[in-house]
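Q: Residue numbers (numbering that gives the first Met the number 0), protein chains in the order written: chain A, 0 to 469; chain B, 0 to 469.
Careful: at least some of the hints might be erroneous.
Put simply, identical chains are the same to the list, so a pair is met inside one copy or across any two.
[Stated by the list, open to error] Restricting the straight-line Cα-Cα distance to at most 25 Å, the calculated cross-link-like pairs of lysine to any residue (SDA-like) are: (1) Lys200 x Pro151; (2) Lys214 x Val164; (3) Lys200 x Leu185; (4) Lys433 x Gly397; (5) Lys200 x Ala403; (6) Lys433 x Glu38; (7) Lys218 x Arg372; (8) Lys218 x Arg188; (9) Lys130 x Arg212; (10) Lys200 x Arg372; (11) Lys433 x Val28; (12) Lys200 x Leu64; (13) Lys218 x Leu185; (14) Lys130 x Glu225; (15) Lys218 x Pro168; (16) Lys214 x Thr83; (17) Lys218 x Glu126.
By construction, these hints were calculated from the structure, which means they are not laboratory data.
Number of protein chains: 2
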Amino acid sequence: MADSQQVDDSPDRQVRPEIYDEDGALSSVWLDGVVAAIERDDTDYLREHVGELHESELGDLLEHLDPEERQALIRLMGTSFDFTALTEVDEAIRLEIVEAMPNEQIAEVVRELDSDDAVYILEDLDEEDRKEILDQLPFRERIRFRRALEYPEESAGRRMQTEFVAVPPFWTVGQTIDYMRDEEGLPDRFSQVFVIDPSFKLLGAVDLDQILRTKRLGKIEDIMHETRHAIPATMDQEEAAQIFEQYDLLSAAVVDENERLVGILTIDDVVDVIQEEAEEDIRRLGGVGDEELSDTVLTTSRSRVPWLLVNLLTAFLAASVIQIFDATIQQIVALAVLMPIVAGMGGNAASQTMTVTVRALATRDLDIYNAARIIRRELGVGFINGVVFAMLIGVVAGWWFSNAQIGGIIAAAMIINMLAAALAGILIPLLLDKIGVDPAVASTVFVTTVTDVTGFFAFLGLATWWFGMG
Amino acid sequence: MADSQQVDDSPDRQVRPEIYDEDGALSSVWLDGVVAAIERDDTDYLREHVGELHESELGDLLEHLDPEERQALIRLMGTSFDFTALTEVDEAIRLEIVEAMPNEQIAEVVRELDSDDAVYILEDLDEEDRKEILDQLPFRERIRFRRALEYPEESAGRRMQTEFVAVPPFWTVGQTIDYMRDEEGLPDRFSQVFVIDPSFKLLGAVDLDQILRTKRLGKIEDIMHETRHAIPATMDQEEAAQIFEQYDLLSAAVVDENERLVGILTIDDVVDVIQEEAEEDIRRLGGVGDEELSDTVLTTSRSRVPWLLVNLLTAFLAASVIQIFDATIQQIVALAVLMPIVAGMGGNAASQTMTVTVRALATRDLDIYNAARIIRRELGVGFINGVVFAMLIGVVAGWWFSNAQIGGIIAAAMIINMLAAALAGILIPLLLDKIGVDPAVASTVFVTTVTDVTGFFAFLGLATWWFGMG
């Protein structure tokens with residue numbers, strides 16, 4: 000972040016509106032003004048300063064207000080509040096706002112939204128609320144939303160937009176352009192026109208620039224390209240995002256099991272998905288679930304307990320390894336002083352290998368063809384760094400306790416543990432992935448267990464054997 | 000990954016071509032076919048099966064071949080090899096391929112590419128090679144590439160495409176459409192037409208769907224919207240990506256210091272940037288730099304040494320804390336057995352807090368307005384989980400060594416370290432961010448140092464004091 004802030008200090012202001020300061024954070028002056036206006040129920044001020052905001056800017060504002068202020072803002076702005084902003088805030092805040100609204104009002108709101116935004120809000124509600132809201136919608140919307148909600152969570156069908164432009168293949172470019180000029184119900188933005196047969200079966204698509212480059216008499220079927228990348232509605236959103244990324248798609252048709260066009264997925268939704276999914280891996284590697292900044296203390300601590308609990312168990316495992324050698328430690332306390340170094344360095348080396356492996360699996364750069372090569376590489380790296388740090392630690396430790404033997408023992412233990420770290424760091428994620436467990440979730444725990452246990456066992460074991468104790 | 004593979008087993012095949020298997024990995028059958036063809040110099044087979052691939056598919060193929068096979072493939076395919084694929088492979092592979100080519104050939108290649116792809120390849124080369132290649136290019140390209148290369152690395156100016164469609168404001172929609180129908184030199188794909196004055200100063204932009212909805216006589220200046228989000232060429236690519244994301248842009252004008260239109264940034268490039276930047280944070284938290292799967296053993300181990308070295312120093316720091324209490328340990332070895340648990344649990348709790356903080360800073364969800372609230376929350380979480388696990392560990396430890404006092408001591412130490420973990424986990428990233436250091440790079444080391452030192456000191460210190468030793 001830091002560097003980016005340096006690069007674009009002055010230009011920034013042209014790009015983002017006044018409400019942001021140079022660092023891209025909400026401007027305190029502006030924010031204070033809004034809060035003050037909320038406190039004195041100044042509807043006009045709010046309509047003027049908040050009414051025109053982009054949905055994402057309004058979302059930023061909501062996230063910076065207290066619950067009461069949020070409610071007040073929405074109440075004061077009435078119809079001029081853009082509820083699309085709800086798709087831009089934490090789930091916790093979205094729920095808090097929506098649950099404070101009567102179902103009638105929610106129905107009013109979702110009717111105005113694009114179908115994908117509406118579904119985004121509806122999917123968080125509980126069954127009966129959702130049903131009650133859907134029943135209050137006009138038939139057409141009700142069917143659309145129901146259909147989208149029937150697809151699994153995080154599927155393309157959930158994210159898709161059911162508004163799109165579709166024309167028959169036998170139309171000319173001229174007809175198509177005239178249709179777009181006259182038709183009212185077009186989506187706000189679109190970059191493709193889809194070509195369908197009477198049964199809504201998808202035949203192909205035409206990019207708008209293609210239409211614009213073709214003479215009016217050109218036939219759609221002549222300039223359309225068959226859509227190689229029609230997305231099945233049941234496909235997982237991450238899978239869909241990868242296809243967008245690989246083929247640089249701006250939008251893609253979403254089709255049902257009968258190849259019928261049911262909606263479109265657009266790049267801007269996909270960008271959010273890509274962000275989310277990378278986010279997910281970071282959090283899982285760090286041992287936190289899908290918690291959000293707006294979560295309460297209790298929710299947060301509860302959500303973090305499981306991971307800590309698993310780590311506690313493995314910590315006891317490591318401790319019991321130490322206990323095996325307590326006799327040795329009693330006679331050479333230096334071992335107790337040095338043993339965390341061996342375990343810790345192994346843990347760090349392993350987490351390096353693991354990070355690379357987990358990401359390579361997520362982005363599918365790692366597969367059976369190069370797995371063998373990567374394993375060999377990591378073993379090589381583990382060995383080289385093992386030797387390097389073995390010498391370093393050996394010398395320092397030997398000098399510290401003026402005991403060359405301890406230096407030799409810790410050096411040997413270090414090499415062993417660095418090799419174990421390399422193996423664990425790559426094999427455990429690979430294995431988890433094979434058996435269908437998300438490597439990002441579970442790898443850290445198992446890997447550090449291996450390096451702790453190996454580290455303590457190798458170091459204390461070697462010492463016990465060398466000094467002929469135990 | 001796992002779940003996504005389950006969801007879309009059969010549909011997958013429609014979406015990705017035959018060359019991929021159900022898991023989205025390159026099909027072994029297909030790959031073997033290609034390799035065999037390379038070995039028997041079967042140009043026709045390669046032209047037929049590889050010539051038609053999408054650049055990203057060709058990129059995948061290259062990454063799965065050995066260096067020799069890659070060279071052979073490129074040699075055999077000659078002109079039918081799509082060098083755009085070079086933008087889809089690891090930097091190491093790209094360099095290996097490009098450096099094997101004579102500069103004349105590289106010049107030939109880059110002339111055929113879109114400017115952004117060309118720059119992507121040129122920026123990796125060393126000064127004189129680049130100069131020699133540029134000198135062989137026609138004047139127009141040379142100027143374009145030079146200009147792009149003058150902007151800082153990872154800036155919008157480096158990523159931008161210098162091909163775009165720009166028209167004067169006084170043109171009608173009809174004129175614009177006719178121009179696009181007749182003009183040959185248009186970019187392959189575009190979703191916006193830019194409006195400029197004679198001095199190339201940016202006046203605004205029109206989305207293609209807007210043009211298609213407007214009657215031929217409509218004036219461009221009447222339907223154009225002023226581009227609120229013109230990106231300064233010097234802006235960092237991550238900053239630019241955040242603006243694309245926030246405002247759901249498909250493409251944006253890139254302007255120089257005089258507001259002149261110099262190029263455009265398109266969403267598909269931005270998607271890659273977003274991916275890269277999230278990637279960067281994961282790697283930095285895991286203690287690995289910008290290494291790539293294709294890097295050699297030596298490159299990799301060298302790049303990982305610094306982080307391990309820093310961790311080694313902090314490990315010695317923690318060890319010296321233990322040494323202070325070696326007398327105590329000698330008398331109660333149980334302490335040596337239990338102390339890693341206290342330190343380890345603190346480290347895990349801290350990494351949870353740190354992960355959340357680092358990401359919140361990267362996505363700018365965390366700023367001075369909510370910092371205080373988040374710090375309070377993390378302290379609360381640290382205290383609650385501290386108490387929970389203190390009781391757990393206290394009981395187990397007390398029972399394990401049938402010594403209630405040790406149970407009490409480890410429980411107290413645990414609460415202290417969990418609080419230290421919470422504070423370190425949020426304050427250290429915040430501090431690093433304030434002083435302009437990327438929190439993702441440095442946080443882990445400092446945070447774990449704090450939890451190790453505090454853990455050992457609290458546990459062993461309390462024991463020494465309680466049992467009146469030392």
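Q: Each hint: holds or not?
A: Status of each hint after checking the structure:
no. : hint            : result
1   : Lys200 x Pro151 : within (22 Å within a copy, 49 Å between copies)
2   : Lys214 x Val164 : both (20 Å within a copy, 18 Å between copies)
3   : Lys200 x Leu185 : within (20 Å within a copy, 32 Å between copies)
4   : Lys433 x Gly397 : neither (44 Å within a copy, 41 Å between copies)
5   : Lys200 x Ala403 : neither (79 Å within a copy, 74 Å between copies)
6   : Lys433 x Glu38  : neither (57 Å within a copy, 32 Å between copies)
7   : Lys218 x Arg372 : neither (52 Å within a copy, 61 Å between copies)
8   : Lys218 x Arg188 : both (23 Å within a copy, 20 Å between copies)
9   : Lys130 x Arg212 : neither (47 Å within a copy, 37 Å between copies)
10  : Lys200 x Arg372 : neither (45 Å within a copy, 53 Å between copies)
11  : Lys433 x Val28  : between (53 Å within a copy, 20 Å between copies)
12  : Lys200 x Leu64  : neither (47 Å within a copy, 39 Å between copies)
13  : Lys218 x Leu185 : both (21 Å within a copy, 21 Å between copies)
14  : Lys130 x Glu225 : neither (38 Å within a copy, 42 Å between copies)
15  : Lys218 x Pro168 : within (7 Å within a copy, 30 Å between copies)
16  : Lys214 x Thr83  : neither (38 Å within a copy, 30 Å between copies)
17  : Lys218 x Glu126 : neither (47 Å within a copy, 50 Å between copies)
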